[in-house]
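Each protein sequence line maps, in turn, to chains Z and X.
Throughout the first sequence, residue numbering follows the working numbering, covering 37 to 302 in sequence.
Throughout the second sequence, residue numbering follows the working numbering, covering 181 to 556 in sequence.
It is worth saying that the hints were derived from the structure and are not from the lab.
Values in this document were obtained by computation on a predicted structure and should not be read as measured data.
Just so you know, not all the hints are guaranteed correct.
What follows is a list of derived Cβ distance ranges for each label pair [said to hold, decoys possible]: (1) TRP339(X) / LEU88(Z): 45 to 51 Å; (2) VAL102(Z) / LYS402(X): 49 to 55 Å; (3) LEU253(Z) / ARG231(X): 49 to 55 Å; (4) THR172(Z) / GLY442(X): 39 to 45 Å; (5) THR536(X) / LEU88(Z): 56 to 62 Å; (6) ILE80(Z) / ILE329(X): 42 to 48 Å; (7) GLU258(X) / VAL85(Z): 50 to 56 Å; (8) TYR263(X) / PHE173(Z): 55 to 61 Å; (9) GLY51(Z) / THR536(X): 40 to 46 Å; (10) PHE89(Z) / ILE416(X): 41 to 47 Å; (11) LEU88(Z) / PRO362(X): 46 to 52 Å.
Beta carbons: idealized from backbone N, C-alpha and C, even for Gly.
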Amino acid sequence: MLGKTTTLSIRTPEGVHFEIPIASPFSRCLALAVDVAIVIALTILLIQVINLFGVMFSEVPVLGKVFSDFSTGAMIVLQFTVSIGYGMSTEWLWSGRTLGKRIMRLRVIDERGLSLSLKQVIIRNLFRFLDMLPSTFYLLGGISCALTKRCQRLGDIAAGTLVVREVDSTPPVLEEFVRAEKNSFATLPHLEARLRQRTSPEEARLVLDAVTRRNDLTPSARLELFSRLADHFRSIAEFPEEITIGLSDEQYVRNVAATLFHRASV
Amino acid sequence: MAETGAGSQPRITLAVARQKRISRTTPPLPPQPPSPILQPVILDVEKFILRERPFWDELAELLRLQENQPDRRPPLEEAKRFYYLYQRTSSDLVKLKTFAGEAETTRFLERLVARSYSRLHEDGGEKVPFRPWRWLTRTFPATFRRHWIAFALSCGTFWIGAAFGAGALQLDYKSKADFIPPQFSHLNEKPSKRVEREEKQDFDAFQGRHAFSAQLMTHNTKVTIMTMVTGFLWGIFTFILLFYNGTLIGVVMFDYLSDGQGVFLTAWLLPHGSFELPAIFIGGQAGLVIARTMFGWGTNLRLRERFARIRGDLLTLIGGAALLLIWAGIIESFLSQYHDPRFYPWKIGLGAVQLTSLILYLTLGGRRPRHPREAL
């Protein structure tokens, strides 16, 4: 793996900078496995449908004879069409997502962060024939993924595309995180004001991150983080003992967050 | 009352920095009362989200609408609103990153801005509606001619391969079996025997013919696609594939011609081959266009930019090849595999007409009439 990039950084003409996480080869493999299973299932289903028609027409004198041979040809063509058309149609209709990619929460996008064009969809899927060599082992595609900075198979390079991870796009309800059940600091507005005055935006950001993501931490890490944060904020703005007595470090930091973020200052 | 004593950390906002810059060139100002700008700039995230959320939701809804219908062209008012919402959300993202940095909401806004950005800045060419008739009569033949050298190389390599196959068979007839791949093992049969058997069969002998044609059709489509995509490996495998397939044709042609079955061979191959072989050559042409792009001769552009330039041409070439293959498949399925000698003149005639039409179409199609002055 040569100097892998894990995110696609984009700066828009409006001056906004954002990052999109690039999918890992492992998640791409899983999505591919799902898609292959779907293609096989779809092919079997179509073959069964054609066979069913074959049975229905078998008793008809001329049509039965025509159909028995025609259906074999149709099966070969259908199998080929499904294997080549599945990726193209799903990626185009679902904005860069096949069913496997949907399950694995992946999406194909243009490498400049733009949405996929039909040209790109067709080219990246045609290049699958090359990527899957030798036979169907995806060795060339795998090597390309391993050697390229942004984990692109040959089809991605030719089409100018990338596979990215979909991130959760639901905003959290901040109220429950930020608002302490009972902010005892609120009884001392002058000390709250001092705390706001002495807290830098970076420190405020740290407090908010800690509070909103506290459930993701292991118990020991959570205790240590809030202990250090509480010590830090005690050092920059001291509250009287009668207010802080019996207050856990985490509750202390939540009070700090409530003090900092429940005041419109912009 | 906020304490502003000596112990407090100085906060430098943009306004303060601006004041400092001004103070270098202008006389120092008398002490000013503390400005509200000097307060720590921390956003009331909850209030901010409550105020902005309806705009984000509206943008998300418009995005969902657009993503569900990729071909939909939004009305002007909707497009204007979309642009406004995008700008507003972008501004919110910048604000949140600068003043609050709350991770979850920032991620949500980044995602929203990324999706909107991709819709707003997508390739303008995509919005030009596809016009099949124009594509067929102008775009495809013009694109074909633009890359005629690649076509000539593709075609030449194939026929060199054919000459090699024929030459090899002339030198050592027993090597025929080594050239014929297993799926076409029936071609190992002596041509005159096959012709005798085939010509005696009834017209309605359907067994196996459609299946065989389907097999050939998918095989040829795969060959065409492979000759194109292997161009990515600097064209080496495109040349190899063209040469190898040419060898097969050369062997079969030599075998039938040397056995005195020229008429059968022409009536068998010409109706579909007149479209099928050019389709493979066009696949090879596309492959060599890719190979040239890989080498990047005569340009300083990066690989991704070079590919962006040829993508349209590649798709046009492969689209044209696909059309030719579909027609060839139909002809092969319903006509080529029936070997009644009464139909030979018709089959050969059809093949000749098809080939001539294709040559005329590809060489003359889509040419704009020259201006009378230019003609002089």
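Okay, the hints, checked on the actual structure:
1. Under the hint 45 to 51 Å, the C-beta atoms of TRP339(X) and LEU88(Z), about 46 Å apart, fit the expected range.
2. Hint check: VAL102(Z) to LYS402(X), Cβ distance near 27 Å, so the stated range 49 to 55 Å is violated.
3. For the pair LEU253(Z) and ARG231(X), the supplied restraint of 49 to 55 Å is violated, since their beta-carbon distance comes to about 30 Å.
4. For the pair THR172(Z) and GLY442(X), the beta carbons lie near 40 Å from each other, so the given range of 39 to 45 Å is met.
5. Between THR536(X) and LEU88(Z) the beta carbon distance is about 44 Å. The supplied range of 56 to 62 Å is therefore violated.
6. Here the CB-CB span from ILE80(Z) to ILE329(X) is close to 46 Å, well matched to the stated 42 to 48 Å.
7. In this structure, GLU258(X) and VAL85(Z) break the distance hint of 50 to 56 Å, their C-beta atoms being roughly 41 Å apart.
8. Against the hinted window of 55 to 61 Å, the Cβ-Cβ separation of TYR263(X) and PHE173(Z) comes to about 47 Å, which falls outside the hint.
9. Checked against the hint of 40 to 46 Å, the C-beta distance between GLY51(Z) and THR536(X) comes to roughly 60 Å, which is inconsistent with it.
10. Checking the proposed 41 to 47 Å range against PHE89(Z) and ILE416(X) shows it holds: the Cβ atoms sit about 45 Å from each other.
11. For LEU88(Z) paired with PRO362(X), a C-beta distance near 32 Å fails the hint of 46 to 52 Å.
Comparing the model with each earlier hint shows violations of hints 2, 3, 5, 7, 8, 9 and 11; every other hint is respected.
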